[in-house]
Structures are given as structure tokens and as C-alpha cells.
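**Student:** So the protein sequences, as listed, match chains A and B. Residues in the first sequence are numbered from 1 upward in steps of one, following this note's numbering. Residues in the second sequence are numbered from 354 upward in steps of one, following this note's numbering.
By construction, these hints were calculated from the structure, which means they are not laboratory data. All values reported here derive from a predicted model rather than from experimental measurement. Please note that the accuracy of each hint is not assured.
FRET-style restraints, in silico, Cβ to Cβ [what the hints assert, rightly or not]: (1) A:52 x B:549: 50 to 56 angstroms; (2) B:360 x A:22: 43 to 49 angstroms; (3) B:527 x A:75: 57 to 63 angstroms; (4) A:245 x B:360: 45 to 51 angstroms; (5) B:659 x A:139: 32 to 38 angstroms; (6) A:194 x B:560: 50 to 56 angstroms; (7) B:360 x A:13: 33 to 39 angstroms; (8) A:348 x B:364: 44 to 50 angstroms; (9) B:527 x A:341: 46 to 52 angstroms; (10) B:462 x A:57: 54 to 60 angstroms; (11) B:360 x A:252: 43 to 49 angstroms; (12) A:51 x B:552: 53 to 59 angstroms; (13) B:369 x A:245: 34 to 40 angstroms; (14) A:225 x B:530: 52 to 58 angstroms.
The C-beta atom is built at its ideal place from N, Cα and C for all residues, glycine as well.
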Amino acid sequence: MNGAQHRVSASRRHLVWRSRHASFIIEKRAVTVTIAFTTVTVAAAILAVTLGRVHIPYAEVIATLLGHGEGGMRQQIILNLRLPRVLVAIFAGASLGVSGAIFQSVSRNALGSPDIIGFTTGAATGALLQIVIFGGGPLAVAFSAMLGGLLTATMVYLLSIRHGATNGYRLVLTGIGAGATLNALNSLMLVKGDLDNAIAANLWLSGSLDARNWDHAVPLMGAACLLIPLAGLAARRLTMIEMGDDLARQLGINFERTRFCMIACAVLLAAIATAAAGPIAFLALAAPQLASRLAASRGVPMFSAATIGAFLLVMTDLATQFLATDLVLPIGRTTGLFGGLYLMWLLTRSKRS
Amino acid sequence: MQKRPGDRRLATVLCGLLVLLFIAVIFGIVAGARPIPLTTTWNAVIHFDAADSDHLLVRLIRIPRTLLAIVVGASLGVAGAIMQALTRNPLSDPGILGINAGAAMAITGAIAVFSVTNVTAYMFFGILGAALAGAAVYLLGNLGQTGDPVRIVLAGAALSVVLLSLTQIILVNSDEQVFDQFRNWSVGSLQGRSYPVLLPVCVIAAVGLAIAFTLTKALDTAALGADLAKALGGDPMRIWGLSTLSIILLCGAATAAAGPIGFIGLTAPHMARLITGPGHRWLLPYAMVIAALLTVVADALGRVIAPPGEVGVGIMLALMGGPFFIMLVQRRRISKL
């Protein structure tokens, strides 16, 4: 290491690392928040693995996870039932958190989420078509949801291009139009469809972590591990684009390409999370907001949004397992309930916007 | 009032829209699962004959229903325009204040707990829920600092989600019958609404509209941001309070009467803005007339499209209006808030 080429400087809020070709700025508080939430999430995840119809003590869970399991049925329960479920919760939460952070930055709007380009509604249309009209199984439903979401997002993006460039505002308005139309189609299917199908469809719309296996978990984990770091690397560029396209251009950023890549990344993350866990709508909106409030960050809080998303979903799952007696508590709805209450509580406490 | 260039053009276009609205109303009364000739309709108004079933249909069902469509549309259009000015957010519709969610929650509770089935009782619970939710968001948005739009929008979004989640949890845990009733209410429909619904809704909406139109100037300043509004002599607390009151009245009445219709409150102001630009003196009347026009047409088409059944006005509005809205956004230069 050459001292002239690598330099680390620190202030009260930041750590800055510079080398000849690249530099990184690290916000201390964001790092603290990320580490704290990661720790709590991992602890909660281990707790979640011990809970269930068969109680399994911590020691055994940890031993099994480290590969020193005793075999038998309990190991099967841990490795093939509970672990995939918890992993789906963690990675779906993280993916949605990052997806929301990207959309809020691109649209410069606190209400931004994969919804604004009609993604969530499109996914629901795909799933409802499959459930109400074709009557496919769970995997087919997940696949059509993904397809529906991706198609809608692509269509909205293409429709909002004018003179070779999109504009955040036009993207938002086109998304509103597309979302509303598809939403009407969804309602039509729910109202005119057979009552049993409509109830099944409504359950899918509520999101679920039940009966998740490695088929759900593996693609989700693969996509999240690839796309989230990618998004993290582009966070700084997104922050600059927030200042306006002209300024970003002056700073040497190809804003159209960055925006396109980031939207694609966010849509893919949302798609794969929705396929794995159903639509968990509110997470993408709440996680980045909670992250930027807790981390007091001015940039796009990519990693803290990921950990907070994961935290919210795992904690909600845990809470439903503690609470559930004979009530059905779909994970998408309980996330809305707890996430919403948490955000409201935080709003009553914080003075800054 | 001082005349500005463009006023004459805007007034002419508005008159044109009113004529269109009038034609749409006639279409709304004539059209339906059972078409009624114009002359019979005219006679039903002028020489009412209680023995003629067509006359009864026109007087007791078609006319109140069409009037209600106007009131609901107008209320939602104006409420949406105020909401977007107040929060300075193009994504916000009246539903963002948690009002639709509050009404939905109250009505679901009423269906599930008290087994309520009639439309007039829905209205009572709807207004109650809307008022409670609106008051809660008002308080939440006001705690600490006042008038920070991001905070209000987030508080409303959070409360909406909490209420909708609770509604869904009640639904998932209730009988199938409850879900069946709710799904029909939740898409927005004017089916079976008559004078007992029309009269109270008209009164509430009229008060809401009156408050809204006193606010046009204040909203222009509010859209500039809290600091600038204060510098221009506006009182943010007063604007915020009156606007919220008017939104609760307008949106509560409309939602209670016709169910949650999200689309029109969101898009009618955008459509109006494409014609008028951002000033509220013209924006509010335009949003009102455009929304009323679309609602009447959507309701009538919903009755014609699949006889003898009908498609709810909320669904029809979005199905027709969505593509139209996208086309507008593509063609026109966008006027920002």
C-alpha cells in the first residue's frame, strides 16, 4: 500500500477513503444503523427458526446451521422448512427496501415505490389472471406475477420516453395511469370472478411466507446478492441525479443510463421478491423512509434500507407466530400494520423532515 | 377580480365542458339495461305518471343516480386538486389522507360485526370512518412542526396502510359472505343509490365545495411552500385546517355514497392542469367539471356495457380513463404542480 495513493480521512460524520482512481465516502451513522439492524435481524431469524409446532432449542439450531446436526426429523425441519422461510423473509425484505430506495430517489418522491411504475399492480394482474381465469398452481401464479410486473414496468418506461429521454415526472404520471387501469382490471376480476377464486386471489394479494422452500429461496438470494451491491455502488450517482439532470451531467454522470440501469435493477428486485413472497406492498415505501430518518442520511440509504426491510419482514413474521392463535394474519397485511404503526410513531417523534 | 390574458379562452373551454356534461347527463338518464326514449324521459320530468313504470324508473332511479354521479365526481375532483396543492405531490389523491381507508375499515367492521347490508347504513359508517381517519392524519401531520408536506403525506400513507391492513385482516378472518359484500362495495358503484343517499351527500358536498372555493388564492400561495406562503401573508395553519376540513367533507361524502373511487381524484386535477396550468382559480372549477363529466359517462357506460348486469363506476372510470390519461401525458407538455 502506498501512502500517497491511498488516504483515509475522517470527520465527525464521515469516513473518506481515497485512492488514485476511486474514492468512497462512508457515513458513520448509516454504518452503525446497518450493523445494528443486521445483528438484530440475524438474532430474530435464529429465534424464528427455533419457533413452530415443534420447539427446537437454540443450541441445536446453531449446531445444525454450522453443519454439526444430529440428523433425523428435526434437522429436516430446520433445513428444509424453517430456514428457507426465514431466508425468504430476509432477502425479500432487503430486496424491497432497496427497490423502494431506488424508486424514491428516481422519482424524487417520498411516496415512490415499485408501485409508481405500476409494477405491483401489474404483478397482481398477472397473478389474478392465473388464479381466476387459468386456475394454475402456486408456481405458475408466482411466475405470472413476475411476468405481469415486468411487462407493466417495461411498458410504462417505454411509454414515458419522449425525445429519447424519460423524465421523472412523466414516468410518475404514466405509472399512475397504467396502475389505475390495471387496478380496475384486478377489481373486475375480483368482483366478477367466482367467490372461491376471488377469496383465493385475495389471499395471494395479502402475501405469504407459508410453505416456502428452497425453490423460492435460492433464486431470490441469488438475485439479491447480485443486485443489491450493484445498487449500493450506484447510490452516490443517484444522489447526484436527485439534484437535477443538468447538474448531474455537469458532474460527468450519464444520467439516462444510470437511471435506466437502476430502474431495471429495482424492478428486478421487486419482481423476484414478489414471486417469492407475494406482494408485500408497504415495505418498499417504509424501509427507505425509516432508513433515511434513522441514519440521518442525505444520500440514498441503500444498505440501511436493505437491512431495515429485512428487519421489518423478519420481525413481522416472528410477531405473527407469537400472536397467531386462531387468527389468520397474512404477512403482507401484518407488515402493513406494524410498518405503518412504526412509521407513524417515528413521525410523531422526529422534528426534521 | 382582475382579468388575466387567457381568461376568456379558459371560460369558453369551461362552457364547452359544461355543455358536454349536460349531454352526458341526458345520456346517463336515457341509457341503461332498459333504454328509455327521449320523449318518455321528457314526459317523466314534465307530466309525471306514477302508473307508468318507465316514468318511475326515470324519476326514482335514473335521475337521482345521475345527479349523485355528478356530486361524487365533482367532490372527488376538487378534493384531489386541493390535496395535490397542499402536499405539493402529484402522487397524492384524497385517499392519501387515509379517508378512503377509514371509510373502508368502518364499513367492513359494520358488515362483519353488525351484519349491516343496506346502502344508507353504509353511508353513515363511511362518513364516520372517514372523519375519524381524516382527524387522525390532521393531528399526526401537525405534531411537532406544521405544514411539512412530506410529513403529512407519509403520515397519511402510513395510516392508510394500517387501516387497510386491519380491514383485510378482518376480511380474511370473516365469513365468505362478508368478503362478498365488501368486494362489491370496494370497487365503487352507484347501483341502488337513490334519494335517501342523494340528499345528505348533496348537503355535505355543497359545504365542502363552498369551503374549497374560498381557498383558491390561499392554495396558490400554499403550493409555493410554507415559508413563501407565510411571507405572502398566508396563514399556513388556517389554510391547512380549512383544506383538511373540506377534503374530509368532500371525500367522506363521495366515498360513503359510492365506495372508494381512487382514480378520479388522482387524475382529474392532472387533466385540468394540462388545460389551465397551475393556478387554482381555474384549476378547481375545471377539475370539478372534468371529474363530474367522466363519472357520469363512466356510470352510464357501466350500465350499458354488460346488460343485464353492470360494471361499477369505479372500475369503468379507471378502465376508460387510464389509457386516456396516459395518452394525454404523452401528447401534452406537462404542467408541473
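**Student:** Between residue 527 of chain B and residue 341 of chain A, does the beta-carbon spacing fit 46 to 52 angstroms?
**Tutor:** Given a distance of about 22 angstroms, which is not inside 46 to 52 angstroms, the answer is violated.
**Student:** Evaluate the given range 57 to 63 angstroms for the C-beta pair formed by residue 527 of chain B and residue 75 of chain A.
**Tutor:** Given range 57 to 63 angstroms: violated, Cβ gap about 39 angstroms.
**Student:** Check the following: the C-beta atoms of residue 360 of chain B and residue 22 of chain A are separated by a distance inside 43 to 49 angstroms.
**Tutor:** Since the Cβ atoms of residue 360 of chain B and residue 22 of chain A sit about 58 angstroms apart, the hinted range of 43 to 49 angstroms is violated.
**Student:** Just tell me: holds or violated, for the beta carbon distance of residue 194 of chain A and residue 560 of chain B against 50 to 56 angstroms?
**Tutor:** violated, 43 angstroms
**Student:** So the hint says 32 to 38 angstroms: do the beta-carbon atoms of residue 659 of chain B and residue 139 of chain A match that?
**Tutor:** Holds, at about 33 angstroms.
**Student:** Can you tell me whether the CB distance of residue 245 of chain A to residue 360 of chain B sits inside 45 to 51 angstroms?
**Tutor:** Since residue 245 of chain A and residue 360 of chain B have Cβ atoms about 34 angstroms apart, the given range 45 to 51 angstroms is violated.
**Student:** Indicate whether the distance between the beta carbons of residue 51 of chain A and residue 552 of chain B respects the range 53 to 59 angstroms.
**Tutor:** holds, 56 angstroms
**Student:** Given the hint of 43 to 49 angstroms, is the C-beta distance from residue 360 of chain B to residue 252 of chain A inside that range or not?
**Tutor:** Holds - the Cβ-Cβ distance for residue 360 of chain B and residue 252 of chain A, about 47 angstroms, lies within 43 to 49 angstroms.
**Student:** Given the hint of 33 to 39 angstroms, is the C-beta distance from residue 360 of chain B to residue 13 of chain A inside that range or not?
**Tutor:** Violated, at about 53 angstroms.
**Student:** Verify the CB-CB distance for residue 462 of chain B and residue 57 of chain A against the hinted window 54 to 60 angstroms.
**Tutor:** violated, 42 angstroms
**Student:** Do residue 369 of chain B and residue 245 of chain A keep their Cβ atoms within the hinted range of 34 to 40 angstroms?
**Tutor:** Holds, since residue 369 of chain B and residue 245 of chain A (Cβ atoms, about 37 angstroms apart) stay within the stated range.
**Student:** Would you say the C-beta atoms of residue 225 of chain A and residue 530 of chain B sit inside 52 to 58 angstroms of each other?
**Tutor:** Distance hint for residue 225 of chain A, residue 530 of chain B is violated at roughly 46 angstroms.
The structure does not agree with the numbered hints 2, 3, 4, 6, 7, 9, 10, 14 stated previously, though it agrees with the rest.
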